[in-house]
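Enquirer: Protein sequence lines, in the order shown, are assigned to chains C and G.
Residues 16 to 573 in our numbering are what the first sequence spells out, letter by letter.
Residues 149 to 783 in our numbering are what the second sequence spells out, letter by letter.
Because the hints were derived from the structure by calculation, they are not lab data.
Bear in mind the structure is a predicted one, so any value in this text is a computation, not a measurement.
Glycine included, C-beta positions come from ideal geometry on N, C-alpha and C.
Possibly wrong hints are sitting among the right ones.
Residues of chain G placed beyond 10 Å of chain C at every Cβ, according to the derived structure [unchecked claim]:
hint, residue
1, SER358
2, ASN512
3, THR622
4, ASP700
5, ALA745
6, ALA749
Which bits of chain G does chain C cover? Going by a derived footprint, with three or more residues having C-beta under 8 Å, they are [what the hints assert, rightly or not]:
hint, region
7, 641 to 651
8, 674 to 682
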Amino acid sequence: MSVCPDNALVVQSDCSVLLDLHSPRAAKARKAIAPFAELVKRPEHIHTYRLTPLSIWNARAVGLTADEMVAALHEHSRYPVPENVDRTVLDLARRYGCVVITREQGILRCTCGEEAIAELLSRDRKAGKYLADRIDDTSFRVDPRYRGMLKQALVSAGYPAEDLAGYVNGEALDVSLRDRTISGTPFSVREYQRQAAESFYASGSARGGSGVVVLPCGAGKTIVGLAAMEMVGQTTLVLTTSLTSVTQWRREICDKTSLLPGEIAQYTGEQKSTGPVTLTTYQILTWRSDRESDFPHLELFRARSWGLIIYDEVHLLPAPVFRATADLQARRRLGLTATLVREDNREGDVFALIGPKRFDVPWRDLERQNWIASARCVEERIPMSQERRMEYALANRRAQFRIAAENPAKMDRLRQLLEQHEEGRVLIIGEYIAQVEVIAKQIGAPLVTGKTPQAAREQIYDRFHRGELRSIVLSKVGNFAIDLPDADVLIQVSGMFGSRQEEAQRLGRILRPKADGRTAHFFTLVSCDTREEEFAHHRKLFLTEQGYSYQVVIAGEP
Amino acid sequence: MKRYYSDGRIPTLEVALTEHMNVGDLKKLAKYTNQNIPTRKADIAAVIKRFLDGERLKSVWQGLDDLQRAAVAEVVHSSSTHFLADRFVAKYGRSPNWGSTDKYGYPRMPSPLAFFFYGGVMPDDLKARLKTFVPEPAQAKVNTMPGLPAACELPWSRWNSKTRTEEKGTEEVPLVVHQTELTAQRELPSVLRLIDSGKVSVSDKTRRPSAATIKAITNVLEGGDYYPVLPVKSKWRDENAGPIRAFAWPLILQAGGIAQLSGSKLQLTKAGRKALSEPTAETLHKLWSKWIDTTLLDELSRIECVKGQTGQGKRGLTALSPRRNAIADTLAKCPAGRWISTDEFRRFVCASGNDFTVCHNAWNLYIVEKHYGSLGYEGGARILDERYLLAFLLEYAATLGVIDVALIPPAGARSDYGGLWGTDELVYFSRYDGLVYFRITALGTYFLGAETEYQPVPMATKPALSVLPNLEITAIGAELGQGDRIALDTYAIQVSDLVWRLDQAKLLATVEEGRPIDEVREFLTARSSVAIPDVVARLLDDVAARSTKIRDLGLARIVECADPALAALIANDSRTRRYCMLAGKRHLVVPASSEAAFKRALRDVGYLVATGEVKVAKPRRKAPGEKSAAHSVGD
Numbered sequence: 016m017s018v019c020p021d022n023a024l025v026v027q028s029d030c031s032v033l034l035d036l037h038s039p040r041a042a043k044a045r046k047a048i049a050p051f052a053e054l055v056k057r058p059e060h061i062h063t064y065r066l067t068p069l070s071i072w073n074a075r076a077v078g079l080t081a082d083e084m085v086a087a088l089h090e091h092s093r094y095p096v097p098e099n100v101d102r103t104v105l106d107l108a109r110r111y112g113c114v115v116i117t118r119e120q121g122i123l124r125c126t127c128g129e130e131a132i133a134e135l136l137s138r139d140r141k142a143g144k145y146l147a148d149r150i151d152d153t154s155f156r157v158d159p160r161y162r163g164m165l166k167q168a169l170v171s172a173g174y175p176a177e178d179l180a181g182y183v184n185g186e187a188l189d190v191s192l193r194d195r196t197i198s199g200t201p202f203s204v205r206e207y208q209r210q211a212a213e214s215f216y217a218s219g220s221a222r223g224g225s226g227v228v229v230l231p232c233g234a235g236k237t238i239v240g241l242a243a244m245e246m247v248g249q250t251t252l253v254l255t256t257s258l259t260s261v262t263q264w265r266r267e268i269c270d271k272t273s274l275l276p277g278e279i280a281q282y283t284g285e286q287k288s289t290g291p292v293t294l295t296t297y298q299i300l301t302w303r304s305d306r307e308s309d310f311p312h313l314e315l316f317r318a319r320s321w322g323l324i325i326y327d328e329v330h331l332l333p334a335p336v337f338r339a340t341a342d343l344q345a346r347r348r349l350g351l352t353a354t355l356v357r358e359d360n361r362e363g364d365v366f367a368l369i370g371p372k373r374f375d376v377p378w379r380d381l382e383r384q385n386w387i388a389s390a391r392c393v394e395e396r397i398p399m400s401q402e403r404r405m406e407y408a409l410a411n412r413r414a415q416f417r418i419a420a421e422n423p424a425k426m427d428r429l430r431q432l433l434e435q436h437e438e439g440r441v442l443i444i445g446e447y448i449a450q451v452e453v454i455a456k457q458i459g460a461p462l463v464t465g466k467t468p469q470a471a472r473e474q475i476y477d478r479f480h481r482g483e484l485r486s487i488v489l490s491k492v493g494n495f496a497i498d499l500p501d502a503d504v505l506i507q508v509s510g511m512f513g514s515r516q517e518e519a520q521r522l523g524r525i526l527r528p529k530a531d532g533r534t535a536h537f538f539t540l541v542s543c544d545t546r547e548e549e550f551a552h553h554r555k556l557f558l559t560e561q562g563y564s565y566q567v568v569i570a571g572e573p
Numbered sequence: 149m150k151r152y153y154s155d156g157r158i159p160t161l162e163v164a165l166t167e168h169m170n171v172g173d174l175k176k177l178a179k180y181t182n183q184n185i186p187t188r189k190a191d192i193a194a195v196i197k198r199f200l201d202g203e204r205l206k207s208v209w210q211g212l213d214d215l216q217r218a219a220v221a222e223v224v225h226s227s228s229t230h231f232l233a234d235r236f237v238a239k240y241g242r243s244p245n246w247g248s249t250d251k252y253g254y255p256r257m258p259s260p261l262a263f264f265f266y267g268g269v270m271p272d273d274l275k276a277r278l279k280t281f282v283p284e285p286a287q288a289k290v291n292t293m294p295g296l297p298a299a300c301e302l303p304w305s306r307w308n309s310k311t312r313t314e315e316k317g318t319e320e321v322p323l324v325v326h327q328t329e330l331t332a333q334r335e336l337p338s339v340l341r342l343i344d345s346g347k348v349s350v351s352d353k354t355r356r357p358s359a360a361t362i363k364a365i366t367n368v369l370e371g372g373d374y375y376p377v378l379p380v381k382s383k384w385r386d387e388n389a390g391p392i393r394a395f396a397w398p399l400i401l402q403a404g405g406i407a408q409l410s411g412s413k414l415q416l417t418k419a420g421r422k423a424l425s426e427p428t429a430e431t432l433h434k435l436w437s438k439w440i441d442t443t444l445l446d447e448l449s450r451i452e453c454v455k456g457q458t459g460q461g462k463r464g465l466t467a468l469s470p471r472r473n474a475i476a477d478t479l480a481k482c483p484a485g486r487w488i489s490t491d492e493f494r495r496f497v498c499a500s501g502n503d504f505t506v507c508h509n510a511w512n513l514y515i516v517e518k519h520y521g522s523l524g525y526e527g528g529a530r531i532l533d534e535r536y537l538l539a540f541l542l543e544y545a546a547t548l549g550v551i552d553v554a555l556i557p558p559a560g561a562r563s564d565y566g567g568l569w570g571t572d573e574l575v576y577f578s579r580y581d582g583l584v585y586f587r588i589t590a591l592g593t594y595f596l597g598a599e600t601e602y603q604p605v606p607m608a609t610k611p612a613l614s615v616l617p618n619l620e621i622t623a624i625g626a627e628l629g630q631g632d633r634i635a636l637d638t639y640a641i642q643v644s645d646l647v648w649r650l651d652q653a654k655l656l657a658t659v660e661e662g663r664p665i666d667e668v669r670e671f672l673t674a675r676s677s678v679a680i681p682d683v684v685a686r687l688l689d690d691v692a693a694r695s696t697k698i699r700d701l702g703l704a705r706i707v708e709c710a711d712p713a714l715a716a717l718i719a720n721d722s723r724t725r726r727y728c729m730l731a732g733k734r735h736l737v738v739p740a741s742s743e744a745a746f747k748r749a750l751r752d753v754g755y756l757v758a759t760g761e762v763k764v765a766k767p768r769r770k771a772p773g774e775k776s777a778a779h780s781v782g783d
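Let's have the full structure, built from the sequences with the hints guiding it.
Expert: Take a look at the structure:
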């Protein structure tokens, strides 16, 4: 194959694929590879995709063939595709579907495509123990209790199972989405949200019903969950990251579905009840009295015959919930997330236990259609006073970070930013309570920390919604699932070391589309020549890789 | 009695006739005067002299044929009075008519041309008179071709043992053309980058590149070296030419002051670093000029079958610069863009008066064995001159982009050395034997002075890189040059086939190795298809700023004091404090430059710096009844 300069893809021998956005064929190429390549980085100009076992298996799960994947690479590649990449794709794709889990006459059966694979897997250290009961040369009887664990083990062994065993039905639930919300505004599910829900449900067939929908922050993942609830029409358990998120789900369900408040139960630290739709948090499910005891609240999974379990922010799913989910493979499962990348690299578990990726939409497409706001990110470097520099220099490494984070000079810059954005709706987030307390006091804004009672928090958020408050100061409780769609300026005065996830989540707070289409502003205040700069650098890289433009400004420089 | 002049000239016609001719020769010459020939030598000379007096000289000259007149004109309008037969033949294709000879070649009856030359020399006074009416000879011309034949026809012969006859024929060997003008301009930065990355080793004695270096340079050359390495069929018959451009570049750059030896590696000089950002044509021009005068390497030494060059033969070798200047001057007279065969060029070198010789005495140069294969025998010196010419043209002129070249493999390309003793086993005389044609490039006309300025050929420099805000550099634009690849390896960390990542630690290391951060910035700006993102610009600024915040002030000595109080005393004493500073509790740092002054000042204070192991004196044993006055010293 010769070089085709107009083609947009460059396939590298390490199975990464570069997409040149300036190529005239970039859009077509992106569409062609998105189903089977994981988008890893999307900075301006060049996006990086990676062909991974999971991305290939995800694609196979939605029906894409190996030949179609290879053909797509060849069609759009600028340079000849390295031979090893072809081989890798073909080999990985071939493995998906080699092992199928079906239900025949009430018996769960695991069938391997070839006898050799059956032998290989029966001898596998992890999968072998679930494949002891042989039916014939290529099939095994599987204990339904170990369906999830077997799938996990098969992913580790490199032969992901295609689970066609179907689902048990939960209690029926009459739920439909409203045309007009309770508050009176017209409501309809956006096209991409509907597609996401349909991809998940797959018309109720055994090929659907479990999987993950990947949508950027602010793209309305909750609505996808509601649409899925409507399609499934059965009792639903929703797992979220925080109490605030539970409240938001509740508000959304009440506002946009036909369900009445009494049908929505909350299983949290404050209130432990179950209902046709039950909202809970990962925190309560993973609570236990001591390190040796069991997780008592995991019983919630068996409290009712759930027809659908929704995992919000599935990339944060804690290990015990994974274990519980392994027992729930007969239930329909929907994962919602902005990224499949997990800090603990347990993407394989998400694939095996929640399901393959069912839907993904390019972030740029949503921004172009104004479904999410565009954001301008700025790193503001603030010098420290000479005394503080000396204090910083003499401190131990851990203390250094805090000294830098709590640099009092940040306060001056914060005030300037507040003046510059006096029309904006501002969230100020910090890592250290003492620091955010001082800030809240000095600028006269309410403070929300972990200690703030839920009712007080809701009250503050409501006042912000109503426009009575211009700014809120938040500790790291503000990282996740606070729904303040009007916020358009976020000032991060300190962050948790190099956490990329935190940076993305914080930015997500201001990405809800604005009525007037204005750009969101994300400021990070960082002390000059300190470790904070290093950590900010890592976080900044993550956001640039997500495609946000980033600017670095040194205070005092023209 | 014959008088000799150191430069071999003859001042007058009279001297020539009386001192440089014998009676027999004079009589033969006098026959052309149609006068009675006297018997005495002086009288015959007078007759001939009268015959050439005044206007009669012109009529004698007019009686010459064209070629004879050309012979006269060549000497009359040259700086010498000698008739140079070889040069004349090279220019006119044959010798003028000097008269008849006998069967052994001895002169029988001279032609009228003999009135003008006496032992091949024209008398000064005669030359002055001739100059008044003899027109200047035509300039030598070089025969050129607008295009090249597709192949070169090489004769072959082999003995047919069945028919017991020698069969002869010709074989067509395809010509491979190397266009060097742009190649040189692209290769120079690549080689500079390679040097900058510390991958070029040369011998500290010969300055020649090592085998590994040649391999590394070959990898960065466009399309590799002229001749790819072929598998050796037999250890007795290795037809590989070996490195040519890969060998030349390190030497050219050293000769040009662009690179210098540091340990066993070459490193860029200040000029070399500047060359990375300068137009390559200008750098190549400087390199060409410097190479002409360099004594770093005699191109003849690259003709490895010629032995004795470092022994006795060395004394007979001529100076390098005049040889190269002779070739360069001749190249300057060649038209640009027209193909010239190397044989024709050799003729033109001679015909245009730029002939040179690489050795005065070839007897100490030899093939295989000194007494057997000496190049002092007939034809040896001529082959040395010709091969030197080829070596210079192919290895240096072509490498620097002065000439395009058309090559065939060297083995069997030339058979002119077959008559020399000791050459039976050679597959070629030199690796340059395959240079058949060349043509002067536009760059060459500029270097050779035929043009005063060079209009660079627009190089297809499509931006090859995209510098991304996540500090990654992707090379998915135009095909990435080897030089750019080396630069990227130097400045950034490669993360996949076509992706590099800028990293602060790597950039700091780059600066530490002497590469200014602006060089990185310029490189990225020049190669990137997109504007340098703010995040990247800031990173470069940060590195630039951080790289100047800590300075090396040189070596210092650490001095330990017996206790903190003494250290503080010395650090604060007005006599010593200028030369030292406190480091910790008991230590003082003394800059090496202040060491002597510190020691003097320390003596003034009443101490000295003990050297070696210090033995602490034991406290004196107390005498019975003595009061306790001892106190311990230490930390």
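Enquirer: Compare the structure with the hints numbered earlier in the document and write down the numbers of the violated ones, lowest to highest.
Expert: Hint 3 contradicted; others consistent.
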